[in-house]
Amino acid sequence: MNTNVGTSIRMSEFLDSRDHRALLLDLTIASSFGAVAGLEDIAKTLSQCNEIFDGIIMNPGQLEHHAHLLGGKLRSSPLVRVDWTNAARGNDPGLPALKVTRVQLSDAEDALRLGASATVATLLLGYDEEMEAENIRSVSRLARECYRLSLPVIADIRPMGGRVTADNFAGSIKLGVSFMMEAGADALIVPACDKETLSLIGSWSTVPVLVRLENLARPEEIQELFALGMSGIVFTEKILAVSGFEGIVGSLRHLVH
Amino acid sequence: MPIVAGKTVRLNRLFNPKDGRAVCVAADHGWMSDPTPNVIELKRILREVVSGGADGILVSFGTALRMGSLFEGKNAPALLIRADWMNLPRLGGSNVSNVLPAVNFKKKATSCAKDALLVGASAITIYYFIGYSDEFEAINIEQAADFAKECRKIGLPLIIEPMAVGAGVTGVNVTEILIASARIAVEIGADALKIPYTNDVRSFKKLVDEAGVPVLVLGGAKSDDPRDALELADEALRAGARGTVFGRNVTKAKDPRKMVADVCALVHHGRSVDEVLGARVKQRGRLRPIAANCTGCQLCEIACVHYHSSAFDQDSHRLRIEYKFRPDEPRLSKPIVCPLCEKCVEACNEGALTIGPEGYLVLDRGRCTSCGDCVPGCPLGLISLDSNAMPVFCDLCEGSPQCVAWCKPHAIVLAPPKGDRKNVS
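Chains A and B are the protein sequences, given in the same order.
The first sequence begins at 2 in the working numbering and counts up one residue at a time.
The second sequence begins at 59 in the working numbering and counts up one residue at a time.
Keep in mind the hints are simulated off the structure, nothing from the lab.
Built from N, CA and C at the ideal position, the CB exists for glycine as well.
Some clues are possibly wrong.
Below, computed lysine-lysine pairings styled on DSS-like, alpha-carbon distance capped at 30 Å [claimed, not checked]:
1) A:74 x A:239
2) A:239 x A:175
3) B:392 x B:101
4) B:166 x B:280
5) B:101 x B:316
6) A:45 x B:263
7) B:310 x B:263
8) B:164 x A:100
9) B:164 x B:211
10) B:316 x B:76
11) A:45 x B:166
12) A:100 x B:166
13) B:132 x B:316
14) B:280 x B:164
15) B:211 x B:166
16) B:164 x B:316
17) B:263 x A:239
18) B:466 x B:382
19) B:263 x B:76
20) A:74 x B:211
21) B:211 x A:45
Output of the computed footprint for chain B on chain A, the stretches with three or more beta carbons under 8 Å from beta carbons of chain B [as the list claims (entries may be wrong)]:
22) 22 to 36
23) 62 to 70
24) 208 to 216
Can you make the complete structure from the sequences, with help from the hints?
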């Protein structure tokens with residue numbers, strides 16, 4: 002008997018139950034920078050995107066206000082990012098981050114109340130030990146809470162800290178994948194990296210792995226990712242700046258599914 | 059699209075459903091800085107704020123417990139609870155008095171949303187400080203997220219007040235940071251924002267548009283001239299703000315009731331700043347009754363009371379209609395109005411009651427000892443004392459007498475002031 006039927010059902014709301022693939026959009030950057038290009042009018046953006054993507058990752062505040070534009074049979078499922086970090090600010094001239102921090106925004110119960118199909122938690126790698134330990138503890142606790150409530154946890158692995166270099170970037174991703182599978186994540190998001198690493202992760206991971214793409218990819222690149230064992234793509238808000246992105250992503254959708 | 063029902067209902071209590079706007083007053087200064095006169099006299103000031111027509115008042119949890127009666131009634135202002143505490147005013151650099159300076163910037167959550175709901179609050183308000191340090195911002199975000207979760211759970215709106223302060227904030231980037239912070243607050247879970255004005259309509263419009271939730275502009279430090287505060291509100295409204303949360307500009311105003319009424323005129327009635335401030339000057343003068351025109355309808359009494367207290371209490375008008383009955387003759391009526399004889403001014407030994415620069419009676423509440431000498435000092439019996447033993451007198455509705463405006467038979471007219479017989483209005 003499947004004791005966690007709730008998790009399976011909720012996973013199927015954004016990870017197609019026939020091909021086990023997903024096309025997601027992450028709109029949570031506004032919690033770091035405010036309304037960046039494409040996110041000035043979130044309702045308009047959602048209206049443009051909510052039938053293209055299988056799921057849209059949102060911050061809890063925006064999800065509460067715009068839940069009516071998501072979910073159901075035809076529209077993207079809402080996924081809630083449960084944490085906040087200033088890591089993406091880096092040396093941004095307007096809002097530089099001198100010390101990177103990460104705090105919890107939401108929890109499993111809150112995410113269920115918001116109608117989310119899954120929680121998305123960030124794992125930052127390459128910063129100091131204290132932060133890494135706290136991050137691991139926080140994701141582990143979330144995974145336990147979500148397990149009790151049959152809510153999937155997606156771990157978003159971000160090797161961004163100063164200790165991550167070109168030489169250890171791929172290794173850092175593998176470390177994050179290992180940590181997050183051990184912590185109990187139901188799916189993973191990893192940054193785009195070399196084929197060997199993705200291939201290893203694809204064959205090794207027992208949970209779906211999605212690749213975060215900062216820019217639009219060519220169809221053959223997308224096909225290659227699936228051939229490496231990946232289960233989906235996560236685009237960021239950057240694709241909103243591409244002229245006619247709805248049509249382009251719409252055609253990519255056919256490739257994914 | 060509505061958020062959960064409890065939030066929708068409570069936001070509707072704060073924002074006037076007719077125009078979706080709100081005039082709020084922040085009265086939480088005693089929670090974070092020295093007890094200045096506006097803190098010590100808070101109860102009296104808040105009564106005036108209520109009579110001025112405020113839609114919401116922001117107070118600490120303790121003040122809500124002590125002064126809860128101000129919020130009773132369908133037309134009473136919505137109660138907003140300040141759910142956190144901070145020591146920014148005591149770090150120096152602000153213009154408020156500071157008897158016990160602090161060195162380290164601290165902010166703590168001091169109430170919970172459930173407590174606020176229990177005392178009948180329509181929303182809670184918390185700070186979000188950005189620009190001081192990364193660690194401090196993270197603490198702010200974490201606290202805000204905890205409040206947001208709790209508010210979602212119980213259906214209580216969360217108003218976040220982003221404040222750009224600290225070494226990372228300069229004159230060059232403050233607007234950019236405020237705009238970003240507004241949206242960040244919404245991403246975390248704000249249902250409305252209380253935020254400083256960015257000093258120009260264009261950038262504030264960008265802030266409002268990108269926030270996507272109702273934005274209330276705050277007034278900041280008390281302006282020397284009320285016009286400055288009103289112009290700030292006017293510009294923010296033009297940029298799309300849904301109202302105001304003025305604090306010291308109201309609680310430290312010479313006449314808090316009038317200040318609130320003036321802001322209401324801007325926010326709810328679409329008046330311009332010049333209309334709000336200018337009408338009185340044009341109609342400078344004194345009341346003159348014309349008994350022959352009086353029909354005894356008493357509309358002047360109603361207009362008087364409604365203007366001053368937004369009520370229809372027949373006992374607190376500042377003029378009256380007197381009737382004379384003679385057998386076999388029609389009933390005669392006559393308006394008894396303040397002729398600005400200044401006998402009350404002479405009777406006031408404290409110098410609290412004077413003729414102001416705009417030509418009508420004004421009271422300096424700081425000087426008034428509630429002795430009541432002005433009451434018998436009025437030869438027409440037009441002065442009484444209110445429940446706080448403060449004189450109730452004709453102030454020509456601050457230069458725009460409603461009795462004149464409403465008396466269609468012209469039984470009360472505005473005559474030129476003494477010594478200015480040429481300028482009949």
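Each hint, compared with the structure:
1. A:74 x A:239: holds (26 Å)
2. A:239 x A:175: Given pair residue 239 of chain A, residue 175 of chain A holds - Cα atoms ~25 Å apart, limit 30 Å.
3. B:392 x B:101: Given pair residue 392 of chain B, residue 101 of chain B is violated - Cα atoms ~38 Å apart, limit 30 Å.
4. B:166 x B:280: Measuring from Cα to Cα gives roughly 26 Å; hence the hint holds.
5. B:101 x B:316: Holds, at about 16 Å.
6. A:45 x B:263: holds (18 Å)
7. B:310 x B:263: holds (29 Å)
8. B:164 x A:100: holds (18 Å)
9. B:164 x B:211: holds (27 Å)
10. B:316 x B:76: Satisfied, since the Cα-Cα distance of roughly 22 Å is no more than 30 Å.
11. A:45 x B:166: violated (36 Å)
12. A:100 x B:166: Holds - the C-alpha atoms of residue 166 of chain B and residue 100 of chain A are around 21 Å apart, at most 30 Å.
13. B:132 x B:316: holds (22 Å)
14. B:280 x B:164: holds (24 Å)
15. B:211 x B:166: holds (21 Å)
16. B:164 x B:316: The hint is violated at about 36 Å.
17. B:263 x A:239: holds (24 Å)
18. B:466 x B:382: With a Cα-Cα distance of about 21 Å, the restraint between residue 466 of chain B and residue 382 of chain B holds, given a limit of 30 Å.
19. B:263 x B:76: holds (22 Å)
20. A:74 x B:211: holds (26 Å)
21. B:211 x A:45: This hinted pair holds, its Cα atoms lying about 27 Å apart.
22. 22 to 36: holds (count 7)
23. 62 to 70: holds (count 8)
24. 208 to 216: It is violated: at least three residues are needed, and the stretch 208 to 216 of chain A offers just 0 whose Cβ sits closer than 8 Å to chain B.
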